[in-house]
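Student: Starting from the known structure of chain D, fit chain F onto it as the hints suggest.
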Amino acid sequence: MFIAYLFCRLIKNMKVYILSTGNISPQHSMDADAFFQSRIETSDNFFKAQEPDYTTFIDSKMIRRMSRIVKMGVAASTTCLRNAGVEMPAAILTATAYGCLEDSATFLRKMIEFDEQMLSPTAFIQSTHNTVGAQIALLLKCHHYNNTIVHRAFSFENALTEASLLLEEGVSPVLVGAIDEITDDRHAILSRFGLYKKDSGNIAGEGAAFFLLSKEPGNDFQAILKAVQTLYKPEIEPEDIGRFLAAHEIENETPGLILHAETGHDKAKEKNCQVLKTAFPDTLEFSFKSLCGDFPTSSGFALWFASLLLKEQRAPVWMHGLKFPLKNIFIHQHDGLHHSFFLISSS
Amino acid sequence: MNVPSFVAGMGIVSAIGNDLQTNLDSLCEERTGIGTMHWLSSARHSGLPVGEVKLSNAELATITGLSDRLPRTALLSCMAAKETLIHAGWEKTNALRTGFISANTVGGMDKTENFYKLFSKDTAAGKLADVVYHECGAVTELVADYLGIQHFVSTVSTACSSSANSIFTGARMISAGLLDYALVGGADALTRFTLNGFNTLMILDKDLCKPFDENRHGLNLGEGAAYLLLASENGLKQLGKKPLARITGYANANDAYHQTASSPEGTGSFLAMKGAMDKAGLQAKNIDYINLHGTGTQNNDIAEGTAISILFDKGFPKMSSTKAYTGHTLGASGAVEAVFSVLAIQHGIIFPNLRLETPMKEFSFQPVTELMRNQRIQHVLSNSFGFGGNCSSLIFSAA
Numbered sequence: 001m002f003i004a005y006l007f008c009r010l011i012k013n014m015k016v017y018i019l020s021t022g023n024i025s026p027q028h029s030m031d032a033d034a035f036f037q038s039r040i041e042t043s044d045n046f047f048k049a050q051e052p053d054y055t056t057f058i059d060s061k062m063i064r065r066m067s068r069i070v071k072m073g074v075a076a077s078t079t080c081l082r083n084a085g086v087e088m089p090a091a092i093l094t095a096t097a098y099g100c101l102e103d104s105a106t107f108l109r110k111m112i113e114f115d116e117q118m119l120s121p122t123a124f125i126q127s128t129h130n131t132v133g134a135q136i137a138l139l140l141k142c143h144h145y146n147n148t149i150v151h152r153a154f155s156f157e158n159a160l161t162e163a164s165l166l167l168e169e170g171v172s173p174v175l176v177g178a179i180d181e182i183t184d185d186r187h188a189i190l191s192r193f194g195l196y197k198k199d200s201g202n203i204a205g206e207g208a209a210f211f212l213l214s215k216e217p218g219n220d221f222q223a224i225l226k227a228v229q230t231l232y233k234p235e236i237e238p239e240d241i242g243r244f245l246a247a248h249e250i251e252n253e254t255p256g257l258i259l260h261a262e263t264g265h266d267k268a269k270e271k272n273c274q275v276l277k278t279a280f281p282d283t284l285e286f287s288f289k290s291l292c293g294d295f296p297t298s299s300g301f302a303l304w305f306a307s308l309l310l311k312e313q314r315a316p317v318w319m320h321g322l323k324f325p326l327k328n329i330f331i332h333q334h335d336g337l338h339h340s341f342f343l344i345s346s347s
Numbered sequence: 001m002n003v004p005s006f007v008a009g010m011g012i013v014s015a016i017g018n019d020l021q022t023n024l025d026s027l028c029e030e031r032t033g034i035g036t037m038h039w040l041s042s043a044r045h046s047g048l049p050v051g052e053v054k055l056s057n058a059e060l061a062t063i064t065g066l067s068d069r070l071p072r073t074a075l076l077s078c079m080a081a082k083e084t085l086i087h088a089g090w091e092k093t094n095a096l097r098t099g100f101i102s103a104n105t106v107g108g109m110d111k112t113e114n115f116y117k118l119f120s121k122d123t124a125a126g127k128l129a130d131v132v133y134h135e136c137g138a139v140t141e142l143v144a145d146y147l148g149i150q151h152f153v154s155t156v157s158t159a160c161s162s163s164a165n166s167i168f169t170g171a172r173m174i175s176a177g178l179l180d181y182a183l184v185g186g187a188d189a190l191t192r193f194t195l196n197g198f199n200t201l202m203i204l205d206k207d208l209c210k211p212f213d214e215n216r217h218g219l220n221l222g223e224g225a226a227y228l229l230l231a232s233e234n235g236l237k238q239l240g241k242k243p244l245a246r247i248t249g250y251a252n253a254n255d256a257y258h259q260t261a262s263s264p265e266g267t268g269s270f271l272a273m274k275g276a277m278d279k280a281g282l283q284a285k286n287i288d289y290i291n292l293h294g295t296g297t298q299n300n301d302i303a304e305g306t307a308i309s310i311l312f313d314k315g316f317p318k319m320s321s322t323k324a325y326t327g328h329t330l331g332a333s334g335a336v337e338a339v340f341s342v343l344a345i346q347h348g349i350i351f352p353n354l355r356l357e358t359p360m361k362e363f364s365f366q367p368v369t370e371l372m373r374n375q376r377i378q379h380v381l382s383n384s385f386g387f388g389g390n391c392s393s394l395i396f397s398a399a
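Heads up: the sequence lines are chains D and F, in that order.
Following my numbering, the numbering of the first sequence begins with 1 at its first residue and continues without gaps.
Following my numbering, the numbering of the second sequence begins with 1 at its first residue and continues without gaps.
There could be a bad hint or two in this list.
DSS-like cross-link-like pairs, simulated, lysine-lysine; straight-line CA separation at most 30 angstroms [unchecked claim]: (1) F:279 with F:237; (2) F:121 with D:141; (3) F:237 with D:197; (4) F:117 with D:141; (5) F:121 with D:48; (6) D:15 with D:226; (7) D:327 with D:226; (8) F:274 with D:215; (9) D:323 with D:311.
Think of the hints as simulated: they come from the structure by calculation, not from any bench.
Next comes chain D alone, as it looks inside the complex (with noise of 0.2 angstroms):
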């Protein structure tokens, strides 16, 4: 069964450059130094963004009609290509599980309120999904490729991969984000699901985490991808790891460290989760949610993370047993029903 999920998204010696990175999560991702030195923690249930001053990416007038998930979007997206001193990409893809919630909400908020009468059309415009796609291209007068792929957990992974095909077909230099936001309804609703019940160590997150990508190495990038895979609702077993490895042919990849999504709240202990840890039994793991939250696309923050750490080639004061020099990262996100995998490389 695990075979033609497997050779579904085989893209044969998938060798994606990652030339730049743009981050904002509630971690100090915007500045890799201060990530290094210090973690930040939280005690609550949730995890809001650090968010920069906007007035460095962004036109004072304009900051103020946008939306929070919007203004992260565009100064992610903004350091990434500055990051790589790379003015227009040649196609930008947003992904997006729950879309421009804010705006949404405001607007049904006050249809129902108002019964349908005296409704301003700025928060309906801006609640559709391509909103920050959209308004980064606007800023950038970018009128290349343009996508945005909302598909819960896979949204991020889809959105590589249509990266990588791009890639394939000399699209180039191509943006890709992941991003969702924390609002208070989403919060309230996703509450009373029970997914963030007290001592269960899950807690909500968000971020925006952008990657400009590239067939070519160029003077300099932070990390190879070199498989994405994901699975969706299966049943894998821990020897499926070896079999992915052999269809990447990268059997010889040992990861040395593993990125993965537990938080601790019972889905995690499920079997599904536990592959990698079982593959590479010897291997360090860390639990990337830790830092980021709980988020469909928070696989955008993993990425960030794993390429940092091979770029720098250097471990945060606060993460233990890492060995240098790290080669191979290995990222498993999943959500019970959505499991994605990928292998980032140094070299």
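Tutor: Structure of chain F alone, referenced to chain D:
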């Protein structure tokens, strides 16, 4: 494109019919599906004409076997997706890889509206069952699970161009050898959220819409779902079917002008059409028919028409907007019109642009106003442009 994608089957539910044949009949008999609001309930705008699917949620549930408590978008999606697979003769097998790439813009918003009636006053109130399928992706998964498709599941949401983008995501994956079959298209149900949203933008016509007419006053919203089963050469062989058409070109561009308005010169529209023709290796003179985005708003029709004037200045192909039949089905419209484009090729028919009385004075071309049969149609260009500047064009060619 290294590997061609063939259209092996289609399915559709729209204001002009609950299946493919009825849609074709309505198109040929010039029957519009836009009329008085019946199934959608709106406190203030029940007088606005809409293109509703002529089935209640309960009827949709009976037809599909799903629960009538699910979002209407999922019920519509399921109905059209099922017809597509039957039409293509596809059966679930693990031997070949099938993906489901759907588009929508509202997800489970119709149920979320119910939820917010209580939740907006008290965050401990409202039935949680009403928000389980709020996400666009959750609607896609309901249908994927129903059909038994697991290999690859994805959802695209780029406003009015959503399902054009889902169609070429599938074509690209087949082309790259990642899938053998791709069930592609989209669905959107009418909701109070979108009705009120478009109403605040003041782009809804209070009467029946008149795309590309000098005296047009806006669009009518519609709803529906449409899908195509794309197949690789190998996939087609397994089905033992002759293809209905091929996808030969597609392109996506951004207008980068305004969040909701198109640039007067139609930059995004021009780039999408030009890009699709380049991808297909075709020139303007090779296009036999354009299925226009043609919403009936002042802004869209002038922008789209301007781009066409530039691109086809040496000779205009026949063209028409079919939105006067179906209304603007938003996330479904790219797929609805892709199905109409393939029907045009299959049957050699060009559908009329209904209710066009006075052609726009800005242009030297005129859309077709009467049904044309026995046409030799090799290549059809289908346009989908939307909010956020997202512009996409597809080209279908005779197989």
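Student: With the threshold set at 30 angstroms, check whether the alpha-carbon distance from residue 279 of chain F to residue 237 of chain F stays at or below it.
Tutor: 25 angstroms, holds
Student: Taken at face value, is the distance from the CA of residue 226 of chain D to the CA of residue 15 of chain D at most 30 angstroms?
Tutor: OK: residue 15 of chain D and residue 226 of chain D at ~5 angstroms, within 30 angstroms.
Student: Mind checking the alpha carbons of residue 327 of chain D and residue 226 of chain D for me, to see if they're no more than 30 angstroms apart?
Tutor: Between residue 327 of chain D and residue 226 of chain D the Cα gap is close to 12 angstroms, so the pair holds against 30 angstroms.
Student: Given the hinted pair residue 121 of chain F and residue 48 of chain D, is their alpha-carbon gap at most 30 angstroms?
Tutor: 25 angstroms, holds
Student: Given the proposed pairing of residue 323 of chain D with residue 311 of chain D, does the C-alpha separation stay at or below 30 angstroms?
Tutor: 14 angstroms, holds
Student: With a cut-off of 30 angstroms on the C-alpha distance, tell me whether residue 117 of chain F and residue 141 of chain D pass.
Tutor: Violated - the C-alpha atoms of residue 141 of chain D and residue 117 of chain F are around 40 angstroms apart, more than 30 angstroms.
Student: Measure nothing beyond the straight line between the CA atoms of residue 237 of chain F and residue 197 of chain D; if it is 30 angstroms or shorter, mark the hint as holding.
Tutor: Violated, at about 52 angstroms.
Student: Checking one constraint from the list: CA of residue 121 of chain F to CA of residue 141 of chain D, max 30 angstroms. Satisfied?
Tutor: 41 angstroms, violated
Student: Given the hint that residue 274 of chain F pairs with residue 215 of chain D, test it: the Cα-Cα distance must not exceed 30 angstroms.
Tutor: 25 angstroms, holds
Checked against the numbered hints given earlier, this structure breaks hints 2, 3 and 4; the rest are met.
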